[in-house]
Amino acid sequence: MRIFFLILTAYFFAYAAKNIDIPYKDAVKKSAKDGKPILLEFYADWCIPCLEMEKTVFKDIAVQRELVGNFHFVRLNTEKFQEIVCEGFSLPVLDCMEMWELDGIPAFAVLGKEGVLKHSAVGDFKKKEFLTFLKAVKQESKK
264 MRIFFLILTA YFFAYAAKNI DIPYKDAVKK SAKDGKPILL EFYADWCIPC
314 LEMEKTVFKD IAVQRELVGN FHFVRLNTEK FQEIVCEGFS LPVLDCMEMW
364 ELDGIPAFAV LGKEGVLKHS AVGDFKKKEF LTFLKAVKQE SKK
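Going by my numbering, the residue at position 23 of the sequence shown is 286; the numbering climbs one at a time, nothing skipped.
In case anyone wonders, no lab produced these hints; they're calculated from the structure. Where is the CB? At the ideal position from N, CA and C, for every residue including glycine. No incorrect hints appear here.
Pair ranges (Cβ atoms, derived):
{"hint": "1", "residue 1": "K398", "residue 2": "F344", "range": "31 to 39 Å"}
{"hint": "2", "residue 1": "E350", "residue 2": "I324", "range": "32 to 40 Å"}
{"hint": "3", "residue 1": "A325", "residue 2": "S353", "range": "30 to 38 Å"}
{"hint": "4", "residue 1": "D289", "residue 2": "G351", "range": "16 to 24 Å"}
{"hint": "5", "residue 1": "E346", "residue 2": "T395", "range": "30 to 38 Å"}
{"hint": "6", "residue 1": "Q345", "residue 2": "V379", "range": "16 to 24 Å"}
{"hint": "7", "residue 1": "I285", "residue 2": "F344", "range": "14 to 22 Å"}
Please build the complete structure, drawing on both the sequences and the hints.
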């Protein structure tokens, strides 16, 4: 019975780790309702640091709680065409990255209303560093 419980728990956390991000349009709608900021992650399938963060940082339970509880987390693949709202304009993802001077991946952008950039960071994070970043952004958003 104990082994069954452990397997079930492991399956639950593996499933939950895959579902911490939501589509961009859903994030915009939810943010308009609840006021939570939108956190964008810009990544690519070939990006080794991005893949490392996916395997380690985003699977961490404390990171998941912080993301789900305080943000609408959106992962944007820079290799796929998608438009998002940045600074009031609907533009392709790469154009927004350029406008915000995000010159590498992984990159993170925290958005306020109308896609206005509030915070950003470029580069990979370890779990503790990423949690510190999220908590700092959360505190700043409350002001």
